[in-house]
Every structure is written in C-alpha cells, then in structure tokens.
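Start from chain L and add chain R according to the hints.
From first to last, the protein sequence lines are chains L and R.
What the first sequence shows, in the numbering used here, is residues 1 to 218, in sequence order.
What the second sequence shows, in the numbering used here, is residues 1 to 425, in sequence order.
Treat the hints with care, as some may be off.
[To be verified] Looking from chain L toward chain R, a few residues come up when the C-beta cut is under 7 angstroms (computed):
1) Val132
2) Leu151
3) Gln168
4) Thr171
5) Leu190
Note that these hints are calculated values from the structure, not bench results.
The beta carbon of each residue, even a glycine, is placed where N, CA and C say it ideally should be.
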Amino acid sequence: MTDRDQPFRFYTATYLTRVGNQQATSISGLCEGIRNCSDASIFYHTYQSLSRDQFLTDGFSNGFAQWTLAACNRPELAEELAAIDIREHVNLAALRGDLCRIVSAYCQVHPREAEQTAPEPFHFLESVEVTVPLGAEARTLAEFREALERLSRAAFHYHFITSRLRLQLRTNDFSLWFSAALGLEGLARLANRIDIYTNTLESAQRKLVALVERELGR
Amino acid sequence: MSTPTISTPRMIHLDDYAPIVGAPEIAELRALAGRLQARTVQMVNSTAVGGGVAEILNRAVPLLQELGLSVRWEVITGGIDFFQITKAFHNALHGGGYEMGPESFEVFLAYNEQNRARLALDAEFVFIHDPQPAALINARRDHDQHWIWRCHVDLSRPNMKVWQFLEPYVRRYDCAIFSSPGFARRLSIPQFLFYPSIDPLSEKNYELDPAFIQGVLEHFQIDPKRPVLTQISRFDRLKDPVGVVRSYQMVKRYADCQLVLAGGGANDDPESEAVLAEVRDVAGHDPDIHILDLPPWSPLEINALQRGSTIIVQKSLHEGFGLTVTEALWKKKPVVASAVGGIPTQVIHKHTGLLAYSVEGTAYHIRFLLANPASAQKLGEQGHGYIRENFLITSNTKRYLTLLRHLLNSASPFPHNGTACPVVS
Chain L
1 MTDRDQPFRF YTATYLTRVG NQQATSISGL CEGIRNCSDA SIFYHTYQSL
51 SRDQFLTDGF SNGFAQWTLA ACNRPELAEE LAAIDIREHV NLAALRGDLC
101 RIVSAYCQVH PREAEQTAPE PFHFLESVEV TVPLGAEART LAEFREALER
151 LSRAAFHYHF ITSRLRLQLR TNDFSLWFSA ALGLEGLARL ANRIDIYTNT
201 LESAQRKLVA LVERELGR
Chain R
1 MSTPTISTPR MIHLDDYAPI VGAPEIAELR ALAGRLQART VQMVNSTAVG
51 GGVAEILNRA VPLLQELGLS VRWEVITGGI DFFQITKAFH NALHGGGYEM
101 GPESFEVFLA YNEQNRARLA LDAEFVFIHD PQPAALINAR RDHDQHWIWR
151 CHVDLSRPNM KVWQFLEPYV RRYDCAIFSS PGFARRLSIP QFLFYPSIDP
201 LSEKNYELDP AFIQGVLEHF QIDPKRPVLT QISRFDRLKD PVGVVRSYQM
251 VKRYADCQLV LAGGGANDDP ESEAVLAEVR DVAGHDPDIH ILDLPPWSPL
301 EINALQRGST IIVQKSLHEG FGLTVTEALW KKKPVVASAV GGIPTQVIHK
351 HTGLLAYSVE GTAYHIRFLL ANPASAQKLG EQGHGYIREN FLITSNTKRY
401 LTLLRHLLNS ASPFPHNGTA CPVVS
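Just chain L, with the same shape it has in the complex (with noise of 0.2 angstroms):
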C-alpha cells in the first residue's frame, strides 16, 4: 500500500491534568522548574495551554507568560515567552531549552526582580494523555471536508498542533496527508499557514473547512 491509499483516520486527545509536587514562588524558581521539570509539564503548559484557554485569543498562549505577567507584574518576561512559538519546535526538549534561555537571560539581567516572591505560586501541572479512534475515516477531499466539520476541538488540536511533536516534522497531520496521500501540495502549505496564535481552535478549523471548500470547488 502506498500513502496515495492510505485513508485518513480521525483520533482525538483527552487530558488528564496530573497535579506534582514542584512548584515556583519567583521567576528564578520558574528558571530552576523549566530545566527540571517533566516533559509532561512542558507540554501541559504550552501545547495543552493552546487548547485550554483557546478563545482568549489577546491573551498570552502559554501558561509561564501568563504566571509571569499575572502573578510576577514582568510583562517585559511575559511578552518574550508568549512569543515562543511551538510550531517553530519539533520537540519538547528544543521547547524547554528555549523557555530556559528566556528565563536565564531574564535573571541574569534583573537579579533583584528574579528573587522576588510571587503572591501565587506557579504550579507544574504535567499532561497525561489518552488517544481514542473516533471511528471516522476519508479517503478523498469531500470524505475529509465532511468529517472535519464534525470534527470536536480536541480532535483537531490533536491533529492539527500536537501532531508536530509525534510527526517531529514543522507540520500537522492535516497537510501531510493532502501531500502524501491526495498530492495537494498547494492546500498542504495553506493548512499549515493557519496561524494557531491569532485563531481560535473554533476558527481556525472553520477556515480550514473554508480552504479544503476551495479546493473542492476547482
């Protein structure tokens, strides 16, 4: 079987929020949690952050931005880690050494502000994720677009901006399948352009039903 036969099949991804015992009282305790902190942590706080408070699309996309600005008053920090962008990582490592260069270069800078003790501390919650088939499948554009319109929005986080970390690719399940499967090189590159920071889930899917429509009607 070739990827021109491979049909798409539709997952989604519920999280479990695990509560651990680490947490921040100050931007340089934030420093020492990023380096150390699980993967799962990573993830929770950045790609599941994304899901979580999706429609809060002026608000900062990750939740070290958002303890940085709401409990520490750094919005200068802030501004430099809401504008880390997940896409630009294939992994959570890269992720993490980049969240850590930020808060480094910070503490460095501002020694007196980084020991400063926050009035809420910053909790490490960690993701513990759990995939379901939801039984649907397309085989051709229509069968896609059909699909994709019911689809929830945790199915289309998972497809759509976890998928980076699985494919380690600087692209979604979405685009690699109109490539590999349909040859649609031109609305793989569109998907993907789709910017996941200034949308909503809820748009963003919408104008991906809007771009495949297109596509259709050629």
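Positioned in the frame of chain L, the structure of chain R alone reads:
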C-alpha cells in the same frame, strides 16, 4: 406574596447538552466511553441530598450510566456522633483547630468498618468522595480494583493531627483527585486535577424566561430598570458581606445602583445570625440594599437574581472553588471577585472578569464596569466561553472517562504505598 412559578424540567439526557457544547463534544464522550461499556463503577459519599458533592453526583451518575457504564452510588451511614466528628474533621482540614480526643478517631474507624461490612465494594473502579468514607480503603481487594480518593476539600493547610490520622489511608489509594492545584498536598500517590463543575441544565443554571426574572426581581422589590449588584452567598464572615456593602456605598457616591445580598443559613447557624445583624447595621436604612435570607434550596430564585443582575460580586476573604462565580460567568455576567481559593482559576483578570484585593479595589472595578458596559459585556461573554470549555458537567464527565481509560491502559494500577492502616474489627 408568592414567588413566580416555572414548570419542572423533564429528565435530562446526554443529547440535551449538544446545543450547548456542540454535537462533536457529545460524540467524543461516546467514543471515550466505548471501551468502558458495562465496566463497574461505585461512587461512595456521605449524603444523598444537600451539599455540593451530592449535587454533582446527582447529575454525573445518570450521565455515566447513559454512556453505558454500570455505575452505583452508595451513601455511607453513621450516627450523630460520626457526623459530629466528620464535621470537626472538615473544619480541621480547612485549617481550624481539633478539640476532640483520640477516641474520636476510633469512633470514625468503627463507623467506616460498619459501612465496609454493609456495602459490597466490589466494583472495578471505586471512587470514595471526601474524608468521611476514606477508611473504606480497608475493603480493597489487592489486584483487580482501582480505588480513587476524590477530595473536594482544600488540604493546603490542614490541622496536622487530623491529616496525620487520615494520610495512611489516603496513601493506599491508586490516586487522588483535587479541585485545584493549590488544594493538593505532597502525596506518594499520583494526584489529578478535576475542576468542580456546574450543570447548565439544572434549575440553578438553565435559561429563564425574562418575564420570570422580572417577576422574581419585583417579588423582592428590586427595580429591574436600575443597575443591580449582587453577591450570592451564605451570611458568613469569610464571604465578607459587610465589605460588599462598604464597596457598594463607595460606588453609590458616583453611580446609581442597588445591592442584593442573597443567601441563607441564618436559621441553623448562630454565627450567621450575628453576621446578618452586622450587615443590616452597616446597611442602615438604605432602601436600595436588599438583604434576602433565602430558604436553603432556592435554585430558581438564585438563577433569576443572577440573571437579573448587572454585575455579580464575590468578595470572599477565603473561598473553596467558588461555584457561585462559575454560575455567574456561565450567565455571561461581568464578575468582580476576590483573588482567593479557586476564584483566580476561573476569573482571569481583564479576560473573564476582574480580580480585586480590597473593598476599595472592588468598588473601583464595579464603577469601571458600570461606566463601560461594552467592556462588561465582553468580559461576560469571554467568561461564558471559559466556563463552557472547562467547568461544565460534560467536561467533568470527560475527565471521569479519561481517568478510567487511563487506569485501564496502565499495565498495572499505580503502585501504592502498602503501609498498613489499622483495621477495626
């Protein structure tokens, strides 16, 4: 004068939630439940009616059953002495003192043992809610069951005498569930976060006819045409009703408004009577302050008062999760609330509401919202979205299903500390 009436809702089914959360979310619940068909689950708590846990189980158990799981709900029994002790446990676990003698622990264990003998705790998944039945873990069979302790209590600063007694039992569970990261403790077993939830189709939360809302406001002599600030809570010092009146008085210097303080508990709680008297004293003879001492079960009145309000206030000094805030946000109301307990989990400052730290701050935020109705509306709408995503009963059901699947997927149950706990025979 009698309160306006509304017809009783019919039996609620899973598909009734589709217009609220979307059909794909309901389909996802069914997909999650697929591998769990006919799996046996027991929920065990200490009361069938009254209290937040019973309210949640009343709605969650039928939904899990409809999804194909075989769920039984058991309620433990005990004498007055047992419930006096567990009430003292509750207060002590929230950080209060514990004056009872060591014999109270024996009484607690004796009642747990009595219930262990009475109940067949043989399900594959046994959820024990709160400390009252915690020692039922002694009924655990070794390998073919999963025992989960669902703690609805804030354990961040417990009285150590009580906690040190309970902890050896808690350690024998496969995992524990808390309502907020800040409520958890360092434990040797995995701890998960399940936010409390509200049911959008319950009497306290479902949509109401505007005429009914107006009828309730008029019944309580509240003018629906002028701004209404409302705090719904027991008359308890920790809810700071006096602080709410003082904030209102500061606002009133600049903006026309009315204040509603609606709650209950005055009849069976001597402290609440004293608090009510203090509130009346501070309120003076202001005809725009409405102090409503509601009967304990008044869901429709509370629903109508929340929906008829311009701004909802929750100026607590100490709070659990704060489900009254969840209810207000669900109703798209702008909320001004204290940054305590579980409130900051729900109120993201300037996104889903406004957080305050003082009487003055509360007053300032209220004035801002009264003067900027567009901002108030945006906060209310974003708050509604946040609750829909995270704090509805459908999300809670999803968490239960996810946990069950996770436990099934695990090669073996979480390794638990096998420290022996005393068994009273």
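Cross-check of the supplied hints:
1. Val132: The hint holds - Val132/L has a Cβ within 7 angstroms of chain R, the shortest such distance being about 5 angstroms.
2. Leu151: It holds, given that the least Cβ distance between Leu151/L and chain R is near 6 angstroms, below 7 angstroms.
3. Gln168: Interface hint status for Gln168/L: violated (23 angstroms vs cutoff 7 angstroms).
4. Thr171: violated, 24 angstroms
5. Leu190: violated, 23 angstroms
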